Amino acid sequence: MSSKDEAARVAAGAGDRAQVPLWREEVSFRQAEERYVGRRQFGRFLVLTSAAMFAGNVWIWIRSRMRRMAEVAARPIARVGEIPVGGVKPFDFPTANDPCLLIRRGPDEYVAFEQKCTHLSCAVVYSRERDRLECPCHQGYFSATSGAVLQGPPPRPLPRIRLERQGDELVAVGVKTDTEL
Amino acid sequence: MTAGLQFFIDPSRCIGCRSCENACAECETHRGFPMIHVDYIDRPNSIATTPMVCMHCENPTCAQVCPADAIKQNEEGVVLSSLKPRCIACSNCVLACPFGVPKMLTALEQMMKCDMCYDRTSIGKRPMCATVCPSQALAFVSPDEIARQRREVPVNTFRFGAEEVRTKVSMMAPRGVEAVEIDVVDYMWEASS
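Those protein sequences? They're chains B and Z, same order as listed. The first sequence runs 1 to 181 under this note's numbering. The second sequence runs 1 to 193 under this note's numbering.
No lab work stands behind these hints: they were computed from the structure. Please note: incorrect hints may appear among the correct ones.
[As the list claims (entries may be wrong)] If you anchor each label on the Cβ, the simulated ranges turn out as follows:
1) B:Ser-50 to Z:Arg-86: 28 to 38 Å
2) Z:Leu-95 to B:Tyr-36: 25 to 35 Å
3) Z:Glu-145 to B:Leu-46: 48 to 58 Å
4) Z:Lys-125 to B:Glu-26: 29 to 39 Å
[As the list claims (entries may be wrong)] Examples of chain Z residues toward chain B, derived with CB under 10 Å:
5) Gln-64
6) Asp-69
7) Ile-71
8) Leu-105
9) Phe-158
10) Ala-162
11) Glu-164
Keep in mind it's a predicted model, so treat the numbers as computed, not measured. Yeah, the Cβ is synthetic: ideal placement off N, Cα and C, and Gly gets one too.
In isolation and in its complexed conformation, chain Z is listed as follows (with noise of 0.2 Å):
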């Protein structure tokens, strides 16, 4: 693994062009399909949009609800793709992430998502997203050169009503902020609309 190099997300850089997404479409284990995406934030109030790449839980819901145990994280904390031979499609890990990373593949009926660039990070090559995101705001960098470049202070626990989530992935937030709390309800179309 790249040693001491974390993942970090800013939102507030995001500029919405959308090269992390293409770059990552461009990996030959999964051409044509990128594993993260690009969210709109309040899409009806705003063009302000966010990268979202795995969070890489340290108590991965997906995994946790997996009926297959095709789901594993491995040593250094990377949440990986399902294993093809155990993956039946149920969707139950695109239905419980909290932040909504898994894609069920129905063409292969198998579940994909972001593993961090695993043949890339594995061998001390950054992620794809990172090394084209023209703003940086998915850096891959280490704690140190995010602290001296960076006004923001990364956080990595979120908390969705009584339920915290820490992750390997942190978010950048303004200081200050030591967990982002998450109101699900506030999200819900029902509610905003």
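One chain only, chain B, in its complex shape (with noise of 0.2 Å):
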């Protein structure tokens, strides 16, 4: 067949297409038509979806620019002293609903992580005799020194909120997220 003779036909085949809406090519009420899949329509799924998860990853990836970009107000959230060595205070930083674990690891030692786990968003609790984060839903641990993952299913490292020491207080001041450690 010349190329001739395929434009034509192609041409022909475009005439007809152009005759039934898309949506009826795609949900017809003929039995026999209903799960059939021409060529160029799976090519033209698999570009739309495709395009799809692209424009939605771009998304996600500007949306965490953006969070990571933001300034969070630093809070004085503990004064020196106030917990014991080993122990813990919980706070909401850098809003309500972020909450976190404030830990006095020795006399002068304090970090805090957040206290959502990064599998499934348990409360993580710490242990003072093993020196780490666990979460009971899953034995998801953290290191108490890096909130790096030392077992289980949590897929990164708890968030670590950076303290500062301004005077008697301890003021938290940013959060680090896995990729910044």
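Two chains, each in its own frame: build the complex with the hints.
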């Protein structure tokens, strides 16, 4: 078949398709055509879903960038010496929906982490004996030094709260997520 | 499907006995609810009746207007009752059908219609209504047989103004008639009163 014939055939085919609206082609009331998927239809599906996936990923990337760059308001969370060595104090930072734990590991060593497990958001607890944060739901353990995953299903380290000592007060000044560790 | 057999309706043979309606209502898949009906053709002036089964259009309007994609036409051209999980009981099909066939069963919230007794015809039996019709106004026979038995000729093209509807079920019409022309306005209540 010459290319001219081929072009004419394609043009005729395009004309036929133009008469049937796309939605009717996709949702046919004929049982015989209901499950039939043409090559072009399948190609269109692949291209559109890929484009949608790409756009969604770009959107998620932009949002995470914006969240990382957003300035959080520093907030005093505890006074020095308020909790005993090995003790913890829960607090919310940066918003009321982000529960965190302040841990006093040594006489002069304070660390703070987000309390939501990075697996399925259960609340993690501090184990003084083993010096680690433990999630009771699926036995995910995190290092009390860095927040790194020691064991279990959590995919990312616990976000760490950056602390500053201002005179007699401990002030939360920011959140460090895994990519910044 | 019953090989070679077709459905023919002959309004001139209908005696209004409603056997077809009752036979239809006997079916265990929709017991108590006939999926077909007997129409009076011109009630104020005549007692003439006609049985109305689904005409099984080649391009069924009921399926085209269904917003839930609940009405399907199978490979043999039979337009089936609405699919229960999909039907939203909107009655679009009831309003759209040019023959007035689909019935919305409010109690079931589902549209059910004549499916040419698909459970029977698919295993070689004749539709219930055609088996009981005493005057064979509803006949399910081969085209050769209907040509041999009747003076009338089967017609399966209907024109509603500019809209042409071709159907699987044929209507018996006088010789020379190739398409049944129907002016919808003639049948409107305002026009006849």
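Now for the hints, and whether the structure bears them out:
1. B:Ser-50 to Z:Arg-86: 28 to 38 Å: Hint holds: Cβ distance 30 Å, inside 28 to 38 Å.
2. Z:Leu-95 to B:Tyr-36: 25 to 35 Å: holds, 30 Å
3. Z:Glu-145 to B:Leu-46: 48 to 58 Å: The hint (48 to 58 Å, Cβ to Cβ) holds, given that Glu-145 (chain Z) and Leu-46 (chain B) are roughly 53 Å apart.
4. Z:Lys-125 to B:Glu-26: 29 to 39 Å: Given range 29 to 39 Å: holds, Cβ gap about 36 Å.
5. Gln-64: Where the cut-off is 10 Å and the nearest Cβ of chain B is about 7 Å from Gln-64 (chain Z), the hint holds.
6. Asp-69: Interface hint status for Asp-69 (chain Z): holds (5 Å vs cutoff 10 Å).
7. Ile-71: Constraint on Ile-71 (chain Z) satisfied, holds at 6 Å.
8. Leu-105: Violated, about 21 Å.
9. Phe-158: violated, 19 Å
10. Ala-162: Violated, because the Cβ-Cβ distance from Ala-162 (chain Z) to chain B comes to roughly 17 Å (cut-off 10 Å).
11. Glu-164: violated, 16 Å
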